[in-house]
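> Sequence:
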Amino acid sequence: MASPAGAAACPAWRDPARWQTATDVVAVLIALSLPWSTSLVGIFGVVLLIAIAPTVDLKAFWALLKRPICLAPVALFCLALVGTLWSDAAWGARFYAVGPTAKLLVLPVLLYHFQRSARGTWVFVAFLVSCTLLMLMSWLVLAYPHLALRAPAPGEQGVFVKNYIDQSQEFTLCAVALAYPVVMLLRAKRILPAILLIAIALSLFANMAMVVVSRTALVTVPIMFAVFALLHLRWRSIVLILCAAAALSVVAWYGSPQLRSTAESFERDYKLYMQRNEPTSLGLRLEFWRKSLGFFAEAPVIGHGTGATRGLFERVAKGGATQASGEVIGNPHNQTLNVAVQWGILGVATLYAMWLLHLLLFRGDGLVNWIGLLVVVQNISSSLFNSHIFDFHEGWMYVLGVGVAGGMALKARSARSVEPERPIGLRSLA
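Each residue of the sequence shown is one higher than the one before, starting from 1 at the first, in our numbering.
Treat the hints as calculated values from the structure; they're not laboratory data.
What you are looking at is a predicted structure, and each value in this text was computed from that prediction instead of being measured.
All residues carry an ideal CB built from backbone N, CA and C; glycine is no exception.
Pairs of lysine to aspartate or glutamate, DMTMM-like flavour, derived with a Cα cap of 25 Å: (1) Lys318 with Glu298; (2) Lys411 with Asp15; (3) Lys162 with Asp391; (4) Lys318 with Asp88; (5) Lys411 with Asp24; (6) Lys411 with Asp365.
Label pairs and their in silico Cβ distance ranges: (7) Leu133 with Val183: 22 to 28 Å; (8) Gly92 with Ala63: 34 to 40 Å; (9) Arg150 with Pro54: 36 to 42 Å; (10) Gly92 with Leu286: 27 to 33 Å; (11) Ala143 with Leu192: 25 to 31 Å; (12) Trp139 with Trp91: 44 to 50 Å; (13) Cys78 with Leu196: 40 to 46 Å.
Between the sequences and the hints, there should be enough to build the whole structure, so can you do that?
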């Protein structure tokens, strides 16, 4: 006979509302842990799938899964899996290369859940709070380097965990994303909340200017702000902001040796690569891209197969590890080329279709659409210099951002589509 305690626990165990709340909490935990830990994100990702399972309506989930916004990321994973069949890499390398695409399978699940949840904003707030705390920790690590959990590489001061590229991606996304709520608050004359958000955004930018910033962030920030200005500002406001940004840029340039060094390294790295074949950061990227284009030309339709990239670089390496031409790598540091080498035009078409479909998902006004659009724009622009869909940290930023914002956007559209028709007189007053 079941005990009274067991009988009382049974309804709670089967209550879908409790599981939905648990899923919301786990998504918040992923957002909180993403700037700090890789292991926690992986653990919470598995817990998320377990928590969602009892709430899934299979018919509704299958209908969503057949939509292009879900089919495209799933197709990219399937292509990576099938691509193991024509690769000449060792089987261990083939399946290892499938792994970075597996996180894309979580995206339809998040879209499904947050199409029904009312707590998606919690996830965005959690990520902002976590990145703000990391920014404060970065200043502390700059002053007290022994606090860092990892030995800093040259030029990476102020990095508490992970690396300066991941940190710059987080800070950039949060700082630019705050532009929309700041403008809305100022228009509503809510000055104090606007000042708070402005202070957070400026602190994030100050950290990147004075402590450490990736060159990818230097390129993507103007692109992201340009998207915001074109979508949400009048031309007069754009001119005023450009003038203010120019003035702040001059102050940051002359006030930050770190920023000047990062920007000037573009020209220095290029010259060292061209003249001496030295493996500088920029030089290696140019070398990887040149060789990858050659690999793509050898198998343009379906590529060389999953996990074949490293073997291809080993085949053409020359000059040893001290030369750029001798560097061997499994990632050409460009998302398009990474896909093209392994799966050819078929893979590139799938990748671009996913990006385009997710951009179109966030048509319209509102904070949710702005965040989702910004996540996709940042990923596309930063993927010119990295393989950020396949990288763990940036890939999860994409999956979490598009999944949560996309689900909320789908929910809002569904609500508008079922809104009852009102009399003409009432519509005119609304």
